[in-house]
Every structure is written in C-alpha cells, then in structure tokens.
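Trainee: Protein chains in written order, with our numbering: chain A, 1 to 415; chain B, 416 to 899.
Just so you know, not all the hints are guaranteed correct.
[Unchecked claim] Between beta-carbon pairs, the in silico distance windows are: (1) B:ASP539 - A:GLU3: 44 to 52 angstroms; (2) B:GLU699 - A:LYS331: 51 to 59 angstroms; (3) B:ASP690 - A:GLU244: 21 to 29 angstroms; (4) B:LEU688 - A:TYR190: 37 to 45 angstroms; (5) A:GLU177 - B:ASN510: 30 to 38 angstroms; (6) A:PRO406 - B:ARG550: 42 to 50 angstroms.
What the hints contain is simulated information worked out from the structure, not anything from laboratory work. In this text, all values refer to a predicted model and were calculated from it rather than measured experimentally. Note that the Cβ used here is the ideal one computed from N, Cα and C, for glycine as well.
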Amino acid sequence: MIEYTCDVAVIGAGPAGLAAASSAREAGAEKVWLIERDCEPGGILQQCIHPGFGLAYFDEELTGPEYAARFYDKAVDLGVQFSFDTTVLAIEKGNILRCLSPRGESLINAKSIVLAMGCRERTRGNLIIAGSRPAGVITAGAAQRMINIQNQMIGNKVLILGSGDIGMIMARRLRLEGVEVVGVVEILPYLSGLTRNKLQCLDDFDIPLLLSHTVTRVEGYPRVEAVYVAAVDEKNDPVLASEERIECDTLLLSVGLIPENELSRNAGIELDAVTGGPVVDSDLQTSVPGIFCCGNVLHVNDLVDHVSVESELAGENAALYALGKLPSDSKLIPVQAGHMVRYVCPSVIRQRSGKSTLYFRVTKPAKHVDLQISDGTKIVWMKSHLRVNPGEMEAVCIPTADLVGPEITINVLPQ
Amino acid sequence: MKRTSVLIIGAGAVGCAIARELSKYDLEVTFLDKNTDVGGDASKSNSSIIHTGYDASPGTLESRLVVAANPMYDRLCKSLDVPFQRIGAILPAFNEEQFEQLPFIKEKAFQNGVYDVEYRSGEDLLNMEPMLNPRVMGGLFIPRESIIDPFVYVVALAENAVQNGAKLILEAKVLDLIREGDAIVGVKTTKGEFLANWIINASGLYCEEIARMAGKADYKVNPRRGQFYILDRDTPCKVKRIVLPIPTKRTKGKLISPMIHGNLLLGPTAEDLSDKTNHDTSTEGLASVAADVRRLVPDIRIGDTITQFSGLRPNRVPAGFNIDVYDDLAGYLNISGVRSTGLTASIAIGKYVAHTLGQVGLEMRLRDDFNPVRKGIQRMVDLSPGQRARKITEDPSYGRIICRCESVTEGEIIEAIRSPIPARSIDAIKRRLRAGMGRCQGGFCGPKVIQILARELGLTDDAVIKSDPGSNPVVRATRKEVSQ
Ligand SMILES: Cc1cc2nc3c(=O)[nH]c(=O)nc-3n(C[C@H](O)[C@H](O)[C@H](O)COP(=O)(O)OP(=O)(O)OC[C@H]3O[C@@H](n4cnc5c(N)ncnc54)[C@H](O)[C@@H]3O)c2cc1C
Ligand SMILES: Cc1cc2nc3c(=O)[nH]c(=O)nc-3n(C[C@H](O)[C@H](O)[C@H](O)COP(=O)(O)OP(=O)(O)OC[C@H]3O[C@@H](n4cnc5c(N)ncnc54)[C@H](O)[C@@H]3O)c2cc1C
Chain A
1 MIEYTCDVAV IGAGPAGLAA ASSAREAGAE KVWLIERDCE PGGILQQCIH
51 PGFGLAYFDE ELTGPEYAAR FYDKAVDLGV QFSFDTTVLA IEKGNILRCL
101 SPRGESLINA KSIVLAMGCR ERTRGNLIIA GSRPAGVITA GAAQRMINIQ
151 NQMIGNKVLI LGSGDIGMIM ARRLRLEGVE VVGVVEILPY LSGLTRNKLQ
201 CLDDFDIPLL LSHTVTRVEG YPRVEAVYVA AVDEKNDPVL ASEERIECDT
251 LLLSVGLIPE NELSRNAGIE LDAVTGGPVV DSDLQTSVPG IFCCGNVLHV
301 NDLVDHVSVE SELAGENAAL YALGKLPSDS KLIPVQAGHM VRYVCPSVIR
351 QRSGKSTLYF RVTKPAKHVD LQISDGTKIV WMKSHLRVNP GEMEAVCIPT
401 ADLVGPEITI NVLPQ
Chain B
416 MKRTSVLIIG AGAVGCAIAR ELSKYDLEVT FLDKNTDVGG DASKSNSSII
466 HTGYDASPGT LESRLVVAAN PMYDRLCKSL DVPFQRIGAI LPAFNEEQFE
516 QLPFIKEKAF QNGVYDVEYR SGEDLLNMEP MLNPRVMGGL FIPRESIIDP
566 FVYVVALAEN AVQNGAKLIL EAKVLDLIRE GDAIVGVKTT KGEFLANWII
616 NASGLYCEEI ARMAGKADYK VNPRRGQFYI LDRDTPCKVK RIVLPIPTKR
666 TKGKLISPMI HGNLLLGPTA EDLSDKTNHD TSTEGLASVA ADVRRLVPDI
716 RIGDTITQFS GLRPNRVPAG FNIDVYDDLA GYLNISGVRS TGLTASIAIG
766 KYVAHTLGQV GLEMRLRDDF NPVRKGIQRM VDLSPGQRAR KITEDPSYGR
816 IICRCESVTE GEIIEAIRSP IPARSIDAIK RRLRAGMGRC QGGFCGPKVI
866 QILARELGLT DDAVIKSDPG SNPVVRATRK EVSQ
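Input sequences plus hints: build the corresponding full structure.
Mentor: Here's what the structure looks like:
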C-alpha cells in the first residue's frame, strides 16, 4: 500500500472540487490534491452541453464543459495535483483517505479535506411507482450522460416525470435529437425548476407541462409501452378516477437529487435531515474538525455559479486549517429556518469581522414577500422580492461582526 | 441426433439443483431454459429464506423435503461459495387469539420433526428485537430459519453442474414433447429438437403446460403473486432476525427479514392471478405490505425503500409438492406444486429426483471425478488490502469502481461476463455481483455497464439488453458518425 501526505485533499473534480482546490492553493496550502473517480474533470458539467452557465460568475454565458474547463485550467496553473480514475473508498480516522485506482490502493494522509462529491438522483424505487419493470425507465442525469457523452439514444417517445431543471433541459435535448416528448408531469401545483428553463426548454418547443399530476403505473414488458398519469388531490394522492393511459416507450425521471454522503456518514460526519448534506458552520466546516464541504454534496444547487463561490470559501478555509491559521475561538450563532423557509445553509455562523453568505430555499412559491433576517433583537437585513420559488435558491450575504442576538432567523413574510 | 441421458426443462432453483445432483453420476445431463440466463422466475423473486419446515403440513412430501433440506445448506453453501446466514426467526403473538395458537404451531413443528422451536416470553422477544411492537405477548423462536443469496445460489448450482460436464442451453423454450409410443423421448424447442432418455419437468409456474404436452396435467396451476419492498441498508429501524407473522390458512403472511447483504425485505402479498406473465407491482398490494408489517414493527420506514418487486408462486390445485413418474409413460418425470418453499426444498428435490430415477431403472453410477467445489467471483471489497493490491497489479481493471453503491469494480464485471455461465445482460451482472442493486439502482453504473457489456461481447450499444430480448435500454446511436 502506498501512503502519501498532503495539506488539503479534495474529493471530486466537479465545479465544487475544482474551485475549492484552486482557492486552497491561493490561500497558501502547499500541496493540494484532487481525487476524482472519473477520467475527466468537470463532474456533472461534462454532460451539461447546453448554455446557461457562468452568467453570475463570469458575466458570460458558457456551456457546462466550458465553465468547468476554466476552473480546471486555473487549478492546473496553480499546481493542484490530480488523480483521475481514482475512487475514494473511505475517510478513515485522522482524516486519511483510502483510495482505489487501476494503479493500486493508496492512503492519503491529509491535514484537511474538502468534500465535493456531488449528488445522485432519486429513482423509481424511491417514488414507489407501481407496474411492470421494463427497460425504458431511466433517470434524467443517466439519460443525459448516455445521450451527450456515450452517444446513445434512450427512447423514441418519452414522458418526463418531474419539472426540475434536469428534466426540462432533457425535454429540449430530446426534442433537438428528434425524439417525441409527450409532456412533463409534475406532482406539485407549481414548477420545481427555474422559470427560465420552462420558457427556454418547454414553451419554446411546445412541450406541455401538466402540474398537480403524477405517474401512477408503468405498463409494458420488456420495454415500456405506456404510463398512467393521474391528477393528485391536496395531499398529493392520485385521484384514480382521473387516471389516463399515455403511450410512450420511455419514462424519464427528474424527481430530485440526493447529496452523495456515503463517505461522510461512514466518517461519522453529522448530516442535516432536510438537506441530506453535512451540518456545517459558516466556514463550511463539518462536525469533524478539518473536514470541509461544498457544492451539491452539501445541499443541492440549481446554479453552478453559487457552487463556485461557496467552494472557494471551503477551499480557503481548508487551507487555513491545514496551516493552523483558521481561528476556532469565535462566537457561534445558530441560524434558524423561520417562516416559509425550508432550510438555511450554513446552520451556524462563526462571528468574525467579515461577512457570511446564507443560502436558503423557501417552502412554497409566493409573490410580493419580504425576506427578513433577525438576530433575535433586531432586523439585521431585509429585502423585498417580487416572487420567490422553491426551485430558486436564495443567497444573502450579511456582515456578522455586529450581530448580538443569541440566534439568527430567516423569515419570508407576505407584504 | 445425439441423445443425452437426462434433459431438464427449467433452470430455476429446482432445475439447477437437479442438474448439479445428476452431474455427480455418470450421466449426460442437459438443462435448458427459455430465459437468457439461469436463475428461474420464482427463484429470483422470493423471500430468500431457507426454511426449517416447522409450519409445513406434517406428513406431506413438502414437509419431508424442506425439513431434510435445511441442514444441508451449511455445507452446500461453503462448497459452492454462496452467501448464507443462520439468523433465526421469531414468531411473535400480539393478541390473545394469536397467543393461543402458539402451542398448536409448536406442536406442528414437532410433528414435522423440527424439534428446536422454543417458546419465548414477550420480554425475551423485545430483548432480542428491540424494535418489535411492544404489545408482544410472547412467541416462538425458530433458530434455524436462515437467509441466502438466491441469485448466487442458483448461479452456483448451475455453474457447478456445468463444471462437472452438464450442458446448459439458454433461450430454448420448450414448445412440445416428442413422443414415441409409450415414451417421451425428447423436446421440441425454439432452438431445435433435443432427444433424451429422461425428460424432467422443472418448469415451475409452467409445470401444467409441460405436463399437458405429456398428457399428464391432472392439476391446474395459477400464479399467486407476492409483492415486496426492499429498504436501504441504512434505514434506522432494523431487525436482526426474520420476524414472521402468525400464519393464516392461505399464506405465511407478510414478514420482515434482513437480507444477506444488509438490506431489509418486507412482504410478500398473496394474490391469486390468472396471467402468468404479470410481474407488476400494484399500489394496493404494496400498501397492504406496509400496513401489515407495521403491526410487527411499528417504526419501520417504508420511505427508505430503494425498490419493489413481485414474484409468482405456482399455486397448484390440488395443492402440494408432487414428484411423479408414470407406469404408462416412460422417460418422463413431472415436478409440480413447488410453491412457497421451493428455494429451500430445491436441494432435497435434486436428491429425491436422482433417487427416483435410480429406482425406475436409470443406471446411477457415481463418478469419481465429481468436483463439488465452485468458486464465486471474489469481491474486491471482501479482500485484504494486500490481496487487492496483487489483483490490481495483475489486472488494473480491478482498481476501477463501476458500481459505487455496492463497490463493484470493472474487473469483477468482466469476470462475470467471462464466467462459466457468461453474464450477458445488465440483470445477469446485477444478480451475480449486485452492481445496480444498491441505493441508486443503477443510475450511476447502468450506463457504464452497458458499455462494458457491448465491448466484451462485441455488440453495438443498442444490442445490449437489460433482461429479456427486447429490453434494450439503448434504441439507437444519437449521431451516426462520431468524429474524434
Ligand atoms: C443535469 C444538470 C443540469 C444542470 N444545469 C445547470 C445550468 O444550466 N446552469 C447552472 O448554472 N447549473 C446547472 N446545474 C447545476 C450545477 O451543474 C451543479 O450545481 C454543479 O455541477 C455541482 O457541482 P459539484 O462539484 O458539487 O458536483 P458534481 O458536478 O456532481 O461533481 C462531483 C464530482 O465528484 C466525483 N466524486 C464523487 N464521489 C467520489 C469519490 N468517492 N471519489 C472520487 N470522486 C468522487 C464525481 O465523479 C464528480 O466528478 C445542473 C446540474 C445538473 C445535474
Ligand atoms: C413471493 C414468493 C416468496 C417466496 N419465498 C420463498 C422463501 O423464502 N423460501 C423458499 O424456500 N421458497 C420461497 N418461495 C418459493 C420459491 O421461490 C419457489 O418454490 C422456487 O423458486 C421454485 O423454483 P423452480 O425452479 O421450480 O421455479 P422457477 O424459478 O420459476 O424456474 C422455472 C424455470 O422454468 C423455465 N421454463 C418454464 N417454462 C419453460 C418452457 N416451456 N421452456 C423452457 N423453460 C421453461 C422458466 O423460464 C424458469 O426459468 C417463494 C416464492 C414466491 C413467489
């Protein structure tokens, strides 16, 4: 077994890992090591060949691979070391990574670690969709990989369940490949992805969106022949009288992402029940000292630009930790999800001179609301929004130095 | 045409156990199946329990075979490299009515020769299984109820039979039997005709159809569906032993069982259907599983389910295991009614069939070169770091993880594709290695497995199948030419 040491080890070379690795170098870490199980950098962005990336970060519209390439080039320039085709099997006691690759098994002893493993997709099994078990039921991300990277078409007539971003982007992608898209079915009474994706991916292609409906059953074997779609009641239970058979040969599922935290869980890192990601403080440090976390493994992001910014902070703090320069004595102020807020990340602020960014999502769509942050004694920040949407993450950057209250609460209040 | 000594129809648990048993003798053995892989139908969708037979009907053939089979599994699984664990079962009573049944169930167990069933108090049971419904009044402990990997079990039987000279023919559906006077002498299949001195009907759910071809269908068989949930390994509410409900006249009821690789199994239902191809799950059926198992363990988390499936029991009317040879029809042995305990009984059925064939005059000479040992694919995760390093040095593909949920490497997948009974579909790989059986259900490894299968088998991507012909995940290439 080969054993190595490094200052900062980063797991995953998606946009999160790439940004974290570069900023760790910039913050002074000597040896930064990025480990990626794929043979190429970029993570999920490799298969996102559509434009729409970088509007916030670069003020330019890039494709996924272009966006990732910029961060990869930067990391290479900064002297980050890469191991591709290498899977981290476990994070062992003392922040040691056990890695497996065709070159062998190795242990990497890191002073600090950044988790950037991304997420996986929810499946048919999670949703408990009844019926037959044929070929032709596939998650949207897997389909995207097959079509855009492996040159494989996954069906001829597709129904999409879930109005998340990936589902809508795949609707357009399939249509551009000449595949019939019967429609997008969404159980909620509102869109779950970004509005801009509905306009660009569904409306522009006349792909119908069916809200408050779900798929109740799959029919056909050995290949999908039809799915049954029904309206749902207030409790999201299907109204069977409304069930309708829709012919198709493929059911594409875009029904949510789950942060990929097997490694974290086995390393004893505390996880948040709502986000599925590690509980972190505003340094993006997890409950295990020296392990930091960013990107989709922390909480599912819709815009990669947010991921890059957040990950730079994680990388910087991981470097400071490795150098023994990350202050650990600052006052801790818990952050609470208040009215109409589903979660806030981070869940604790470390009070320092600078600012902290709080990321959060609302529980349901609303128009004309005030986003309000209070520290228990006073409102420390407030902004009016024309509308908010669970599919669009909110990010608020507040100075933390003069927070006095025992805890911070974010509320979204009707005007 | 060449004539083999014995031809077995069906490569499920029963057919494969017979093939392996007969391969110990100086016989030419052929076993065939309509499917693309061994593994059967019911044999790959069941509760994966090796029963003791405590609740069988005393005196029946089923009782004798199941009771005899259970103790064989320790040695068999060691010799065939099959995951098997004696975890034991409990049968808790939650009300007076159930409680009053316990002595009768224990008496029945005794009549079946299962002497080690013991009474346990409610307190004892809660100590054994803290998640159990606290209203438990007492119950039975059945120490030898066990769990197995049913896929690997059937593959292992078949591989060992093939290693010892048995011939396997897949994708050969029997369309008719060939008769000569008072004897059955062969089968007509979709792959041509095959002649044999003895034809054995081990076709499970279809045992009525085959028997009719022989003119011996004096019974009816309908499918009795059982639906299940599988829960994630990390679900917080688990049990260490099989938790059985007090059985009713119709079924053993819906149970909770640990699975051999750490998941939890809930089910099955018992629904009489008529369509033998209906492997659907239904919303109502699954809901009834959820409701019933919560009576045993109230905090069970259905939300942690990673998949659901159903299996079809061959429900014979009149009921019961039957293994028949006929005075007026030579060369034909019929097996029928192997319904709810056939995974367990399979190994004993193999021996029973060999014995029967001997009695009706087939010359049964033991070979001296039979090799009882079959080695499975060594899982990288189970090896020591030193062993892993050696394997990777020999072949670097053992260092590349393809299925992240179950940690399956490319090397292992290639080994399955090149094994004695080659895995030629996504499901065949899944059943041998668990790739795609974990919590992401193949979302990550599925696309990669398609590429590996295509490469290793020399197929285009759109020729790779999930399970049966026509189950191709890829319908065509997106672009005709890819310029590199
Ligand atoms: C289909 C899709 C479409 C999207 N479209 C847009 C869009 O149009 N615009 C936009 O701004 N954003 C979009 N996003 C969001 C954005 O792409 C993601 O938020 C971003 O990619 C998350 O980055 P990440 O690095 O956290 O995760 P990922 O990109 O998933 O990277 C994680 C990396 O970690 C590696 N890894 C995981 N586990 C291990 C391990 N054990 N060992 C080694 N390596 C490991 C993985 O191989 C992967 O490369 C989209 C996302 C998806 C999924
Ligand atoms: C829901 C459920 C739960 C169960 N739980 C348990 C349990 O926990 N423990 C236990 O011991 N048993 C259990 N059983 C019973 C057990 O699964 C079966 O008894 C056993 O698998 C039967 O094996 P088999 O080989 O007879 O049938 P199968 O596995 O069905 O195999 C029959 C084979 O014959 C082939 N075939 C059929 N017709 C033709 C044809 N015309 N030409 C060529 N091939 C043909 C089929 O393709 C198939 O491969 C359960 C069954 C079900 C359905």
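Trainee: Hint by hint, which ones does this structure get wrong, listed from lowest number up?
Mentor: 5
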